[in-house]
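Chains as they are written, first to last, in this note's numbering: chain R, 1 to 152; chain P, 1001 to 1424.
Don't take every hint at face value.
In the DSSO-like style, the derived pairs of lysine-lysine whose C-alpha atoms are separated by at most 30 Å in a straight line are [as the list claims (entries may be wrong)]:
no., chain 1, residue 1, chain 2, residue 2
1, P, 1216, R, 46
2, P, 1156, P, 1064
3, P, 1216, P, 1246
4, P, 1372, R, 51
5, P, 1324, P, 1341
6, R, 55, P, 1131
7, R, 46, R, 150
8, P, 1341, R, 57
9, P, 1407, R, 57
Simulated DEER-style distance windows between Cβ atoms [to be verified]:
no., chain 1, residue 1, chain 2, residue 2, range
10, P, 1371, R, 49, 43 to 53 Å
11, R, 125, P, 1415, 25 to 35 Å
12, R, 134, P, 1218, 35 to 45 Å
Think of the hints as simulated: they come from the structure by calculation, not from any bench. Here a beta-carbon is modelled for each residue, glycine too, at the ideal position from N, C-alpha and C.
As a plain string of letters, each chain reads:
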Amino acid sequence: MTNKRKNLKVKAIYPVSTDEELELLVFYPKIQAGFPSPADDYLAEKLDLNKYLIKNKATTYCVRVEGDSMTGAGIYSGDILIVDRSIHPRENLIVIAILDGELTVKWLKRENGKLYLCPDNNDFSPIHINEESEFQIWGVVIHCIHTFYKSF
Amino acid sequence: MNKIFALVDCDNFYVSCERAFNPLLRNRPVIVLSNNDGCIIARSNEVKKLDIPFGQPYFKCRDKIDKYNIAVFSSNYELYGDMSRRVMEILAQYAVDIEIYSIDEAFLELEGLRRFDLDDYVKEIQQYVLKGTGIPVTIGVGQTKTLAKIASKYAKKNKQNNGVFNIVNHPDIDQLLEAVPVEDIWGIGRQYDKFLKKFNINNARQLKYSQDKWIKKHMTVVGLRTVWELRGQSCLSLEQLPPAKKEICTSRSFGRPVESLQEMREAIADYASRAAEKLRKQNSAASILQVFLTTNRFKEEPQYFNCIQINLPTPTNDTFEIVKFACKGIEKIYRSNFRYKKAGVFLTDIVSKDNIQTNLFDTYPNRDKSKKLMEILDLLNSKYGSKTVQVASAGTKKEWAMQRNLKSNNYTTNWDELPRVKAK
Ligand SMILES: [Mg+2]
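Excised from the complex, chain P in its bound form:
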């Protein structure tokens, strides 16, 4: 039996999360800002109509925000992460297999369904997600992942489909593909977009009927797969587990310039412990640690940038060890009399925890005990909220931390911030 894929994409996801718990936002235009309240990263449909583009700096559209009474939020990743988990959990119940593609997108593999039942089934998924989470989703269905993606884009553009479009039953797929510019095809990067246009291949239909040999020669087997997928032959299967990250970076811009070594050390310790936590989550360890810091390039003031690499004695994911080395590193490259804008920690040369070869000259005391301690640390932090327990050097004031002045409550992850219901 032929496979069927669905791409489920949450509509204006961050905005929809805010609306799910705040009924006053239902008919109000809403935007969500990036870290440090810099620029717009999510817009409700009303805002999209107001000619306020994605990515615009917040301060540039203050007038319009006042004029149209737009509700503004800092990004609330605790909330978005939890809502994403809920949506994915529901989707998994409906699918043979699921690939979580991003925080608000997933590919589903649907099987064993007669084709005429498919439309109803997909509508049911859409309705159940909306009912159970308040999040509206758009679903595209096709014989391949590439076609499902095209179907989903089509559903978004053509509102009369009510957010569901099934390309499988379409009587004239070619006509539909003709309207899809090559740059909109999943997997066609910028480089190929220009290249294809040079050869007068401008839309998905033209690409679909290109010669295999020619495609393979110029776009490798990766490009050929995309072409076959356009023809309805599934070449890309679902990727179940995200491959362990080959590098981990935690870096952030500061809410305000950092001007003392003490504060800088706190920030680096915090980033380092978060990076270590990420390592442990994916069950791996890092061999190389890089620490960097930089002033604000866009300001007319003294500039300084530096980066230091530290080769760890043994691949590790121990918070204390990584924090210790990160702090040593930052002390080496820190210079006073600068106003620092950003700093970060990079972990590279990441290996699976099972392949760690212990260094005979390992100087770290008692690795077994450290492992136990890390388990407790993760357990406590997952039970009582992240950062319940942290290394002392990470500081407790965190005045340099991200600005999120307009953040909504953590409605689903904090007992003190639950939605309020009136009994009156």
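Bound conformation, chain R alone:
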């Protein structure tokens, strides 16, 4: 992945530009005078993924998943999670917790008054949180980005 990205990098640009290239960066289509489009009155903003995915820009981070313990929830190794640190952690949310000096992704569950960090894959077992556990919630997962096709 790193290599591919590197190949994409434009290493240099020379001051010989053609007008065609410049035209590509004009985003807004010109509306011809005299031919009003029936859609003129319905001009809407474009769909903005940033706005859709992120409510609190300042407190939202992306992290990369390593491992298979959350596949039941649709979270696979290599996926990117969008995490909002400002959300108050509650049970039945997927959280990023700090366990043994590592960031780890788990369900936060409560059963019979006890707190658990639960994986979502039968090959892994839940972790009981007691008072001695050195444990802290780092943030709450709000989306998972799973890529099916990579064009670069």
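We have chain R already, so just place chain P with the ligand on it with the hints.
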């Protein structure tokens, strides 16, 4: 209604940024080094207790670093810049107005709050910043910026306040001011510090009760403002926009000595394009370009320093034009058989872009096209990472570049360096 100001100061900011993404550092002493890993510019509280001073050269404290298992980082300005932006964005939500004072400090103007609600409000700010970014902050609150600054220093010194101190509700401000030496007052420079002490004005309380006339005579109206601010009368308002810089300098020490003109040209081209970018960011253009280079004064080897000034035909912020002239300049002053330590580019006589008078004899081809090209350059670089697109003369190897061997990941600005979370 009287104004209320808060000074928010991030604690050990660079260290806190490193800790925000690396839980293993939570209970470990941490230091961050300056450019080229030269000396210590940030220390965690544990390190401060170990008698390792700010600014100490890295190599001088290697023993202690090993002994106490101190984690060491090169400065990661991409990360610190992004975290700073996040903190400031949160603070802005809580304030009527904000003045970003430095990468890790901001003044807030708080309004419309009943005084007894103030403490809770400020604690909420502190907690929200910590929760949302992992960065601990200290907040001082006062009727003026000067008092807010004093309150913040007080909160830092007296840990029992948990990083928040409100001077507004204090029953005996004078007693508190008595403990503040004049040199610690915001706006009292070195020169006035000595001067005041000569007249036996040693602390903030004494300064507060000095005669207006006498202060104005000796410290001008600037000094008088500080005195009034100590009395609780707000004279300094928030400065919203940083004034456009009157000069722009990009210079750096090289990671290793540069000994060829080719490499020197690359470095200068790189600095020049960064300076041009800064110009465009603040929407201005420069008329004078200076280029300099120097050997290492502290080494016993042949020494050479030179600087050249180039008057640009028309004020410009065009990367290609500035790079072209900078390279011409460096070629003129470069001498071989020296080991160069540092070089740089200075842009001065900066004017707002709107006031550019075109020179009738302007030889630069097609300025409109150049403007468009610069827009594209900035757009591409802001989209795909700085330096995606650059002038060819800036080189692509950059062996002379800064040493940052111990830099952490760009956790928040690079898709390939995101924090890793374990699913196991
Ligand atoms: Mg600070």
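task = If any of the earlier hints don't hold here, list their numbers in rising order.
result = 1, 8, 10 and 12
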